[in-house]
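Chains as they are written, first to last, in my numbering: chain A, 30 to 167; chain B, 38 to 639.
Just so you know, not all the hints are guaranteed correct.
With a straight-line cut-off of 20 Å between C-alpha atoms, the simulated EDC-like cross-links for lysine to aspartate or glutamate are [stated by the list, open to error]:
#: 1; chain 1: B; residue 1: Lys530; chain 2: A; residue 2: Glu56
#: 2; chain 1: B; residue 1: Lys315; chain 2: A; residue 2: Asp38
#: 3; chain 1: A; residue 1: Lys61; chain 2: B; residue 2: Asp408
#: 4; chain 1: B; residue 1: Lys45; chain 2: B; residue 2: Asp89
#: 5; chain 1: A; residue 1: Lys33; chain 2: A; residue 2: Asp153
#: 6; chain 1: B; residue 1: Lys397; chain 2: B; residue 2: Glu436
#: 7; chain 1: A; residue 1: Lys61; chain 2: B; residue 2: Asp251
#: 8; chain 1: A; residue 1: Lys152; chain 2: B; residue 2: Glu274
#: 9; chain 1: A; residue 1: Lys61; chain 2: B; residue 2: Asp193
#: 10; chain 1: A; residue 1: Lys37; chain 2: B; residue 2: Asp270
#: 11; chain 1: B; residue 1: Lys409; chain 2: B; residue 2: Glu421
#: 12; chain 1: B; residue 1: Lys189; chain 2: B; residue 2: Glu174
#: 13; chain 1: A; residue 1: Lys37; chain 2: B; residue 2: Asp277
#: 14; chain 1: B; residue 1: Lys254; chain 2: A; residue 2: Asp38
#: 15; chain 1: B; residue 1: Lys264; chain 2: A; residue 2: Glu148
#: 16; chain 1: B; residue 1: Lys530; chain 2: B; residue 2: Asp546
#: 17; chain 1: B; residue 1: Lys45; chain 2: A; residue 2: Glu56
#: 18; chain 1: B; residue 1: Lys254; chain 2: A; residue 2: Glu56
#: 19; chain 1: B; residue 1: Lys189; chain 2: A; residue 2: Asp69
#: 20; chain 1: A; residue 1: Lys152; chain 2: B; residue 2: Asp270
#: 21; chain 1: A; residue 1: Lys61; chain 2: A; residue 2: Glu118
#: 22; chain 1: B; residue 1: Lys254; chain 2: A; residue 2: Glu143
#: 23; chain 1: A; residue 1: Lys152; chain 2: B; residue 2: Asp266
#: 24; chain 1: A; residue 1: Lys37; chain 2: B; residue 2: Asp266
#: 25; chain 1: B; residue 1: Lys544; chain 2: B; residue 2: Glu63
#: 26; chain 1: A; residue 1: Lys33; chain 2: A; residue 2: Asp107
#: 27; chain 1: B; residue 1: Lys189; chain 2: B; residue 2: Glu168
#: 28; chain 1: B; residue 1: Lys271; chain 2: A; residue 2: Glu148
#: 29; chain 1: B; residue 1: Lys39; chain 2: A; residue 2: Glu56
#: 30; chain 1: A; residue 1: Lys61; chain 2: B; residue 2: Glu194
#: 31; chain 1: A; residue 1: Lys61; chain 2: B; residue 2: Glu195
#: 32; chain 1: A; residue 1: Lys152; chain 2: B; residue 2: Asp277
#: 33; chain 1: B; residue 1: Lys254; chain 2: B; residue 2: Asp266
#: 34; chain 1: A; residue 1: Lys152; chain 2: B; residue 2: Glu272
#: 35; chain 1: B; residue 1: Lys308; chain 2: B; residue 2: Asp165
Listed next, with one range per pair, are the computed distances between beta-carbon atoms [to be verified]:
#: 36; chain 1: B; residue 1: Gly608; chain 2: A; residue 2: Asn74; range: 32 to 40 Å
#: 37; chain 1: B; residue 1: Gly44; chain 2: A; residue 2: His78; range: 32 to 40 Å
#: 38; chain 1: A; residue 1: Glu143; chain 2: B; residue 2: Gln319; range: 54 to 62 Å
What the hints contain is simulated information worked out from the structure, not anything from laboratory work.
Just so it is clear, the structure is predicted and the values come from calculations on it, not from any experiment.
Every residue, glycine too, gets a C-beta built ideally from N, C-alpha and C.
This is what each chain is made of:
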Amino acid sequence: MPLKFHLKDCTGCQLCQLACSAAHEGEFNPVKARLRITHDYRENNIYIHATRCTFCKICENVCPVGAISNNGKWMIVDHNKCIGCGTCEQNCPTGVIYLNDNKKSIICDLCEGEPKCVEWCPKDVISYVEPKKKGAKK
Amino acid sequence: MKGSFWGKKLVVDLSKGTCTTEDLPEYLAENYLGQKGLGARIIMEDVPTDTDPLSPENELVFSTGVMTGTIVSCSAKLAISAKSPLTGTITDGSVGGHAGAELKYAGYDAVVIKGRAPELSYLYISPDKCEIKASPELKGLGTFETDDRIRKAEEDEEIKVLAIGPAGENQVLYACVSSERYRQLGRGGIGTVFGNKNLKAVAVRGWLGVQVPDVQKCMETAAHYHKADGIIDKEYEIYDDGTPMLVNLSQESGLLPTRNFQEGTYEHYEKINSESLKEVRQNKKACFSCGIACGNYVVDGDARVEGPEYETIALLGSSIDNPDRAKLIELNAVCDDLGLDTISAGGVIAYMMEMTEKGKHDFGIRFGETDKALELVRKITYREGIGDEAAGGSKRLAEKYGGAEFAIQVKGQELPGYDPRGSWAMGIAFATAPRGGCHMSAYPIELEAWGTLDPFTFEGKAKLVADMQNAQFAKFSMGVCDFWPVESETLAKLFEVTYGGDWTAAKVDKAGERIFNIQRMYNIMVGFEGREDTLPQRFFKEILKDGPPKDHPMTEDAFNATMQEYYTYRGWDKEGRPTIERLEELEVEPELIDRYRAVTGL
Chain A
30 MPLKFHLKDC TGCQLCQLAC SAAHEGEFNP VKARLRITHD YRENNIYIHA TRCTFCKICE
90 NVCPVGAISN NGKWMIVDHN KCIGCGTCEQ NCPTGVIYLN DNKKSIICDL CEGEPKCVEW
150 CPKDVISYVE PKKKGAKK
Chain B
38 MKGSFWGKKL VVDLSKGTCT TEDLPEYLAE NYLGQKGLGA RIIMEDVPTD TDPLSPENEL
98 VFSTGVMTGT IVSCSAKLAI SAKSPLTGTI TDGSVGGHAG AELKYAGYDA VVIKGRAPEL
158 SYLYISPDKC EIKASPELKG LGTFETDDRI RKAEEDEEIK VLAIGPAGEN QVLYACVSSE
218 RYRQLGRGGI GTVFGNKNLK AVAVRGWLGV QVPDVQKCME TAAHYHKADG IIDKEYEIYD
278 DGTPMLVNLS QESGLLPTRN FQEGTYEHYE KINSESLKEV RQNKKACFSC GIACGNYVVD
338 GDARVEGPEY ETIALLGSSI DNPDRAKLIE LNAVCDDLGL DTISAGGVIA YMMEMTEKGK
398 HDFGIRFGET DKALELVRKI TYREGIGDEA AGGSKRLAEK YGGAEFAIQV KGQELPGYDP
458 RGSWAMGIAF ATAPRGGCHM SAYPIELEAW GTLDPFTFEG KAKLVADMQN AQFAKFSMGV
518 CDFWPVESET LAKLFEVTYG GDWTAAKVDK AGERIFNIQR MYNIMVGFEG REDTLPQRFF
578 KEILKDGPPK DHPMTEDAFN ATMQEYYTYR GWDKEGRPTI ERLEELEVEP ELIDRYRAVT
638 GL
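Could you build all of it, start to finish, from the sequences and the hints given here?
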């Protein structure tokens, strides 16, 4: 999982979502972010949840027109090929993919290696870990 | 629409069952900034000053700021303004959490709610809906369950709810509004006005993006000031401790309200200070877009709350002689759920305790009897027995039972957790705050008792407080939380990158002064007089026996002389009325000045 969350320190401020939507969509709008922070109160504590791309590549496998690929580090969507069918959105196990106003699939691209969410997190909850190359020893 | 300002308000008439969208002209954003200022300006225009606060003619004005919903930290607050049923003044409160940003994402800068629903209802607002939903099934429910039930009924966990509890429904005059359980808009009876309108809750859901003139520049500017001001540092004490850090400071300065402000130091303060609360802290919690995260979620045995904040610790802790951490947490949570302002509730209970102890009237409760305090909170909420009268606040109780010197209030609103004898400028701030006893109009305590200025002199303090109030009013109108100690110059830059235009610190402060004067004009038109800008007699007649304030009597003569100095500095007359000349200098709209002139004869 390229984006790692140390959730114990997450305060639920959602600055990561604001940074994400601003960087990619040019507006401040948490519902257009490529990750999502929610919280709820149960029994003895506040529970904070982080929903983000796990790089599982299911979207790539289910896309009927081959619009989704990856470079070994993040997902890439070819909006020229994307037909807005929503298959990727429906099959995303975390529910973090959405179709934008132009009916094009939006998937986290880790800001091409310099994730804004990591940069903006005030409590250093999020870190970006590059996937290890195949065959690399631990 | 300009920058982050939609230029739109939603007007909801609960009597007629209608929702309409109206334009908000840009000059309102430029002259009144947003939140507090925008709310005051709308109340000024819409609610005649002789309106009964508990009538359908009163309004609730929800307002956001130009930074709300953007990446500027600490900016997601929501203000609600009304004419206060507790004080009769104009009032406003602000609440953190997520509701303010959600309202902005719903496409509105403000929502005006007027009239009265025929039966208990909640209002649902989203970009494509405004629905008044009859909800008799929510009657009597606490704020926590109301929040849960509405999200469930709407089948949307992300809805943000602002709800009242039974205290608001039963018209307790200091009923609060709760959001996400533990975020309260506490003061002045805004929850009471909800109840009077048969409005159980407002539920908001938004998905519209907030635009700014240059998003890249906005992010760079915000990041720069967040870093420069140190607010996102993990070492920042507001993150590390939250407001409970003030307990030790107040104790050391001898101004921690103890046994109804009879003393300024509490022998058991270590049982309820930040260090003690950290022992039972489970987690930290931020409001939306806040890089600080002041919230502390604590669990002690069966008691749990996100809090308690300093004011609650002072008023429901030391001021009622309650050193029991778990019971303090429980009292806090019960008040949040029933929908009671913890400050006023604590002030009322402490008054009743002192009256009993001094043999003035037996209210059946004495200092240290916390279990009885818990019971009393319920009686107040349900208006049972003496609770029915206590629901009117300490000023009204004292009018009936005497002991005005034990009713620690200004203009009918109970004082927060600072004894002004330990920080004299704070006394000026309490006396002149437009909404009555309140610590939010200015916080000179940080410069006096906790800073380098002499806390025991009025010399230079009239100007100090007035200047601080102007800056605070601008800051709160832009919607920035108190926990960012932000300079007006920074606010000017942040206004530029969110709304647009050219801003300076002087322009920001002038807007703050204009907003302060608008609220003052309203109160003068209500009939308030300068002689009501004062403090409870206790502070002039009794000297604190411990701590730094002990050798420093604060006399009424010196205080009154300072008030005259304050009026002069503000450009007000000897009776504390803003002069026409000053209002014109502040560029208050001529039609508002005409109305003011017609009522006051100035």
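Now the hints, each set against the structure:
1. B:Lys530 - A:Glu56: Between lysine 530 of chain B and glutamate 56 of chain A the Cα gap is close to 19 Å, so the pair holds against 20 Å.
2. B:Lys315 - A:Asp38: The given pair, whose Cα atoms are some 15 Å apart, holds under the 20 Å limit.
3. A:Lys61 - B:Asp408: violated, 49 Å
4. B:Lys45 - B:Asp89: violated, 28 Å
5. A:Lys33 - A:Asp153: holds, 10 Å
6. B:Lys397 - B:Glu436: holds, 13 Å
7. A:Lys61 - B:Asp251: With a Cα-Cα distance of about 18 Å, the restraint between lysine 61 of chain A and aspartate 251 of chain B holds, given a limit of 20 Å.
8. A:Lys152 - B:Glu274: Distance ~14 Å between lysine 152 of chain A and glutamate 274 of chain B Cα, so the pair holds.
9. A:Lys61 - B:Asp193: Status holds; Cα separation ~17 Å.
10. A:Lys37 - B:Asp270: holds, 17 Å
11. B:Lys409 - B:Glu421: Between lysine 409 of chain B and glutamate 421 of chain B the Cα gap is close to 14 Å, so the pair holds against 20 Å.
12. B:Lys189 - B:Glu174: holds, 13 Å
13. A:Lys37 - B:Asp277: The hint holds at about 15 Å.
14. B:Lys254 - A:Asp38: violated, 29 Å
15. B:Lys264 - A:Glu148: Holds: lysine 264 of chain B and glutamate 148 of chain A sit about 12 Å apart, inside 20 Å.
16. B:Lys530 - B:Asp546: This hinted pair holds, its Cα atoms lying about 13 Å apart.
17. B:Lys45 - A:Glu56: Judged against 20 Å, a Cα distance of about 18 Å means the pair holds.
18. B:Lys254 - A:Glu56: Holds, because 12 Å separates the two Cα atoms, which is no more than 20 Å.
19. B:Lys189 - A:Asp69: holds, 13 Å
20. A:Lys152 - B:Asp270: holds, 8 Å
21. A:Lys61 - A:Glu118: holds, 13 Å
22. B:Lys254 - A:Glu143: holds, 18 Å
23. A:Lys152 - B:Asp266: Satisfied, since the Cα-Cα distance of roughly 16 Å is no more than 20 Å.
24. A:Lys37 - B:Asp266: violated, 25 Å
25. B:Lys544 - B:Glu63: Cα-Cα ~16 Å, so holds.
26. A:Lys33 - A:Asp107: It is violated: about 26 Å lies between the C-alpha atoms, which goes past 20 Å.
27. B:Lys189 - B:Glu168: holds, 16 Å
28. B:Lys271 - A:Glu148: Distance of about 15 Å is within 20 Å: holds.
29. B:Lys39 - A:Glu56: holds, 14 Å
30. A:Lys61 - B:Glu194: holds, 17 Å
31. A:Lys61 - B:Glu195: It holds: about 14 Å lies between the C-alpha atoms, which stays within 20 Å.
32. A:Lys152 - B:Asp277: Holds: lysine 152 of chain A and aspartate 277 of chain B sit about 12 Å apart, inside 20 Å.
33. B:Lys254 - B:Asp266: Within the cut-off at roughly 18 Å; holds.
34. A:Lys152 - B:Glu272: Judged against 20 Å, a Cα distance of about 11 Å means the pair holds.
35. B:Lys308 - B:Asp165: violated, 50 Å
36. B:Gly608 - A:Asn74: 32 to 40 Å: Cβ of glycine 608 of chain B to Cβ of asparagine 74 of chain A: about 53 Å, so the range 32 to 40 Å is violated.
37. B:Gly44 - A:His78: 32 to 40 Å: holds, 35 Å
38. A:Glu143 - B:Gln319: 54 to 62 Å: violated, 34 Å
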